[in-house]
Structure formats: structure tokens, C-alpha cells
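Visitor: Sequences are here, hints too, so could you generate the full structure?
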Amino acid sequence: MAKRKKYDYSAFLFIAPILIGISIFYLYAFVRNIYLSFNDVGVFGERTFVGLENFRKLMEDPIFKRALLNTAFYAGVGVPLIVMLSVCIAWLLNQKIRGQSFYRTAIFIPAITLPAAIALLWRWLFNSQYGLINYFLAWFGVEPIAWLGDPDTVRWSILIVLVWAAISYMVIILLAGLQRISSTYYEAAQIDGANTWQIFFKITIPLLTPTIFFVTIVSMIGMLQVFDFIFLMIRVDTASYRYAVSLVTYFFETSFTLNQRGYGAAVSVISLIIIFAITAIQFRLQKRWVNYD
Amino acid sequence: MKVTNKYWIHLLLVVVTISTVGPFIWMILTSLKTYEETIQVPLRWLPDSFQWLNFKIVNEKYPFIILYRNTIVVVVATVITQVLFASMAAFAFARLHFPLKNTLFLLMLSLLMVPGQIFLIPHYQIIVNLNLNDTLTALVLPHMFSVFGVFLLRQFFAAVPQELEDAARIDGCSNFRIYWQVMMPLVVPGLVAMAILTMINSWKELLWPIIVNSSIDKMTLSAGLANLIGEHTTYYEQVMAGAVISVLPMIVVFAFFQRKFVEGIAQTGIKG
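From first to last, the protein sequence lines are chains A and B. Under the working numbering, the first residue of the first sequence is numbered 1, with each subsequent residue one higher. Under the working numbering, the first residue of the second sequence is numbered 1001, with each subsequent residue one higher.
A hint or two may mislead.
List time: in silico DSSO-like cross-link candidates among lysine-lysine, alpha-carbon distance up to 30 Å [as the list claims (entries may be wrong)]:
id, chain 1, residue 1, chain 2, residue 2
1, B, Lys1204, B, Lys1260
2, A, Lys6, B, Lys1101
3, A, Lys5, B, Lys1101
In silico negatives: residues of chain A with every beta carbon more than 12 Å from chain B [what the hints assert, rightly or not]:
id, residue
4, Thr48
5, Arg66
6, Ala72
7, Gly99
8, Arg123
9, Phe140
10, Trp156
11, Ala165
12, Ser183
13, Tyr185
14, Tyr186
15, Ile274
16, Leu285
17, Arg288
Hints in this document: simulated from the structure, not taken from any laboratory. Just so you know, these numbers come straight off a predicted model, no measurement behind them. Beta carbons are placed, not taken as given, at the ideal position from N, Cα and C, and that holds for glycine.
Guide: If you want it as C-alpha cells, here you go:
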């Protein structure tokens, strides 16, 4: 139709509920949080404007520094692990073999399990005296490891659980991506005599890059906001906690345990800037490796 | 050559399956042991007799029935409101012509990238000011508005053929009837996908309930189970019984609706 349509003002009735909700719970909340980060907020909500004082204190705060480094560790090591493992598992699940649906169900189960149940389960597996993991390691002559008690290993223990819990969701998304690749590509490659590995690296992976990119972004944002498993698996009053702390656990601690909400708001503002920067870099870099047909 | 290939795939998948399902089996086995059996060295795989008593004890110590009821109330209310509001907005953005449409849409798009913790302190203050802390309403209220849902559903509304809308308009249908009677039945797959995603997120949500609610009878299962940690972690057979109670029903639901679950999650990865 060439002629310009007239405005339909009844549209505002349709968008009114979400617009009102978003205005209060997102826009107002966003501005409010930025404002709070420039304030000293007391337990009962009394405020004094302090300018950039919270941010200056953060720069000198050793726990915040540790939270930054740990979050970089969870994201920097976790995301590549999650992406590589889930691509491989999705590829295996996409093969035409017997028992396919059984394997799929088995691998999807962690995606629907409560984080608290996963945490309880892994604390038991990690138990240094009676845990299953140390039991298996003992077969290979490994001395019992204090997975959650030793400050040097605690980040790795958290990482294992994070990766284990994140993979199944990513596998589901990647599997859907694999199923959208037209079989004509595979047929052509087979006629040309390509072997399994060549097909995997020259056809499957390049055609899957849009989904891999999506999974990378989603798991990166997830890893930068790690909270559940650290909070659930390590007691706040132990030495290990300081070695596992992430940006969001520190945000929670400052804002809701210590009730320093201005300071906590500043932590969340820094996390926002980091997430924005990293996501922007990823979108910029995607042109180099993501193929869209 | 082909045959060995398949064996390798099976072998690798068995390894993956053991590492995902193995821990759950260990959880169930532990929940059926006596305390002495859980700490026996060398490690004991199976209990002498199944200790169903563990479930009874943990069920008496923890109000699982209330936690489940709360969870169902919160999940259902969140899913219904989110899907309703998002679908209304998605319909408008996909099919109607109105001022500021693109500006508003871009505004929502930019909100998608903001991490959730940015909003938590203000949400908490709003809820406290409304005197709603420690209620189930507090768990639902800030989560009724899904920007992501608007994006997801907009694609589905946009895909409905224009002829259908035109025909309905010629018959004198109002926008509301076009939305509710013509379009909604056609976008059911999108609604289901969104409902499932919302359900999983709402079911797993932990941070918000522990911030805004404090009494155990106002908690969801996700947050209530977190209390089980630290309280009596020495009796792992009871802790695992609690974990089983929280895991098994969802696995049963999942087994029934697996295809829908998988399609729902897969939907998020499709670029539109």
C-alpha cells in the first residue's frame, strides 16, 4: 500500500500496561539506582549526597578488587569451556543414533533443576571426607581435596558447578541451531569425499556461528552475573568466601547484608559498565567470525 | 569405519550422561541411606534397606507443601501477567501504526541489555514503601513486565498474514477483537515458548525472594531450599531427601512436556 496509514491511537491501550510497568520498574528504578550510587544511604534509607565518594572507595576496596578478578576468572575461563563443551555435546546429540531421545532427556535435566538443589548436591559431591569426587580421585592416588574449604581451589570448584549447570541450556539452543543447517551442505561435502572432521570444522562450525555467537553472549552475561552457586555453596563467614566472591555476591552483601545501599548501588553501576563494554566488544568482533547467510 | 564411529559417539554420550545424571542418582541413593551409611569408609553404594523415614523427617522440618504452593502461585501469576502484557504490546508493535512507535521500541531494546541487579535496590525500596515486603505479591509485582517477551512475541504477531487482519477489519472487528480472537489463537506457539521460559526463570529465581521476603512461609521453593543449606548439613541423607523432594516433581513435568520445553528454550536462539 502506497498511501500512508493513519495513526491508530488505540494502540496505546495495548502498550499501556507494559509501558507503565517499565516506567516504574525499569526506567525509574534505573535512574534511581544511578542516583543512589552518588549517595551515602543509611539503614533506614536516610541519604546524604557524596558525589563520587562511593566510586573512589570502591577503587581502594580489596574485596571489590577480588570480586572483579574472580568475575573475570569465571567469565574468562567459564565461557570458553561452556561454549566448547556444549558445541561438542550438541553435535553428538545431533547424530542419528539409537537412544538419541534418552541421551537428550538425560542431558537436559540440569536446565530445569533448582540452583539450590544443584548446590546441595554438589556440596555433597565435593565433601572432602565422604564425597564421591574425592573417592574417585583416590583411585588415581590423589589425596583428598578440600574443594570448598581451600582458598586456592574454591574458585575452580565453583567454576565446575557453573559450567556443569550452564551447559544443558546451551546444548538445547545449539541443537536447535544444528537442526536448522540444511542437509544439502552435508550431502555435497560427502559427495566430495570429506571426512567427519572436515565436515565438522569446515561446514558445521561455520554454519553454526550465529548460534555460537548467541550462546557466547548469553553465557558471558550469565557468568558476569554469577550469584546463586557462590551464595549457596560457600558460607559467608568462611575464608573461602573471600576467594570466591563475585561482583553480584558483593553487590548483595553490601546492599542487603551490610545495608550500605549507596555503596551497593555503585557496585552495580560498575558491573553495568563492564557488561555493556564486553557485550559491545563482542558485537564488534562478531563481524570477523560469524557467518550469516 | 561407520560402525566404530557410532561406538565412539555412544561412548562419549555415555560419559556425558553419567556426568549429568550420575550426581542425581547419587542424590537419590544418599537420600535412602542411614546417616552411618552415608559416612561409611570405604564408600557404600547402596543402602541396606531404603530409609523412607528421611523424607518424612525432612518433610516435618521443612514446610515443603507451603513452599510448593507458594511457588505454584508465584509462577502461575508471573507467567499469566507477563504473557498477557507482553502479547498486548507485541500485537501493537507488530500490527498497529502509532506515534513514537520506533522510539519506544528502541527504548525497550536498550533495556534488554541492562543487568538485573541494577534494579534490585529500587525494587526493594518500592516494595517496602508499598508495605508489600514479605508477601507473595512482592515476588510477582516487579516481574510482570517482560521486555524480552515483547520481542519474542512481536515476531509471531508480525508473521500472521495481513489478509486475515484485513478480512477481520472489513467484518468490523475492533482492534481488541483482532488481537484476542484473530491473532492470539495463531500465535499460540509463541505464547507457549514464552510461558515456558518465564516458568523456568520464575521457578529458579533466588536473589529476589531472599532480598524481599524473610519468613519461610512466604518463600518459594528455590529460596526456601536455600535455607536447608547451612542449617543441618551434617545429615546429608536428610539434605539429599530435601533435594529429591524439590527436584523430582519438576523432572516429571519435564518428562511430560519435554518437546515443548526444548522448543521453548530453542526459540530464544532464533534470530528474527
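Visitor: Of the hints given before, which are not true for this structure?
Guide: 7, 8, 11, 15
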